[in-house]
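Number of protein chains: 2
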Amino acid sequence: MEGRERDTVRTRRVVLDAAAKVVGTHGSGASVDAIARQAGVSKGGLLHHFRSREQLLLALAEDLAEQFTAAVYAAVDPRDHAPGRLVRGYVNATFDDLLDGSTVPEQAVLAATLSTVPGVAEVLQRDKQRWKEAFDADGLHPQRALLIVRAADGAAIAGLYEGGSDPEELQHARELLLALSRDDGPLVNL
Amino acid sequence: MEGRERDTVRTRRVVLDAAAKVVGTHGSGASVDAIARQAGVSKGGLLHHFRSREQLLLALAEDLAEQFTAAVYAAVDPRDHAPGRLVRGYVNATFDDLLDGSTVPEQAVLAATLSTVPGVAEVLQRDKQRWKEAFDADGLHPQRALLIVRAADGAAIAGLYEGGSDPEELQHARELLLALSRDDGPLVNL
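Sequences listed follow chains A and B, in order. Counting from 7, one number per residue, gives the positions in the first sequence under our numbering. Counting from 7, one number per residue, gives the positions in the second sequence under our numbering.
A couple of the hints might just be wrong.
[Claimed, not checked] What follows is a list of derived Cβ distance ranges for each label pair:
#1 B:Gln61 to A:Asp13: 42 to 52 Å
#2 A:Val20 to B:Leu105: 36 to 46 Å
#3 B:Ala76 to A:Gln61: 36 to 46 Å
#4 B:Asp142 to A:Ala88: 26 to 36 Å
#5 A:Gly35 to B:His54: 22 to 32 Å
#6 A:His54 to B:Leu184: 49 to 59 Å
#7 A:His54 to B:Leu105: 38 to 48 Å
#8 B:His178 to A:Ser37: 37 to 47 Å
#9 A:Glu128 to B:Gln61: 40 to 50 Å
#10 A:Ser48 to B:Gln135: 19 to 29 Å
#11 A:Ala143 to B:Ala76: 42 to 52 Å
#12 B:Thr122 to A:Ser48: 42 to 52 Å
#13 A:Asp86 to B:Thr17: 57 to 67 Å
Calculated from the structure, these hints are not laboratory results. The C-beta atom is built at its ideal place from N, Cα and C for all residues, glycine as well.
The following block holds chain A by itself, in its conformation from the complex (with noise of 0.2 Å):
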């Protein structure tokens, strides 16, 4: 990589996880100038990577959805060749994120704003065919794979409105899920 595009990538990364930052805790009020300031660029430096702030939110939505597909796949067992196996990724990389630390209230606030940006929800239309794409190759029946990916998403949510998680509570509904995943039999019959 050249020294410029190099310089550019790593201002980007910059600016993205400053924006996460600042519009996770403050939420849709969160300013161009606020994100500059937390990211240690000036404004015209930012508005020079991102033209406007409907843009950087925008680039900020595809951006977590990078990481969080990374994150699934990087926690993909790769000795792991049964069906189900990027179910099991999905729910490990749900769950280590959750014992890792609470971050919780600010992707909340986060997911929410970014929602309502202009644009967002063609990005995250995208992404979830993707997703759907992957999870049918996957080999679980369709139905199976959608209980313990929504289960999952449920457990992550549920320490915001039961004052808390309890990690104990936590690992026995991983340990759940990654049952459910394994077991070929019928879940229920439709």
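Position chain B against the provided structure of chain A, taking the given hints into account.
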């Protein structure tokens, strides 16, 4: 109810609804002034009913937990006496909310904001304990109940990071969860 008592109940209701709206949109930055303005009462009037911003947010957390509990019990079919009737009420109340029009971004910001207010965690933990006891008495295996409830919660927030919810998909997810709550056989051997 005496006239003055009725006025107190009515004013508290108006202020709590206004607080939910303002905090759900503006997050933790919402001021007592903005909430009083939204409620159409004076700041002094608001502080007569709720001593401080923190007390108001604590009362709001209690009120939201009570409202959701009431919605779940209202959604329980009075003719349904089979195990899992409360779980079915939970699923139906959650999906009715989702299909009624999305206030998910506001609710996520509201839950995230309230979760950081001192004293709210204790309110929510007591609510969680009441749910646990109610589900234990509902007759399903605790892990089956947990799985269904978590998956309903996951469905409730999925729209946030999927760029919206498809009503048909929501209906399928609801039917899957209701079917799981009716199957008396073992879900998975743990």
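Out of the numbered hints, which ones does the structure contradict? Result: hints 10 and 12 break, sorted rising.
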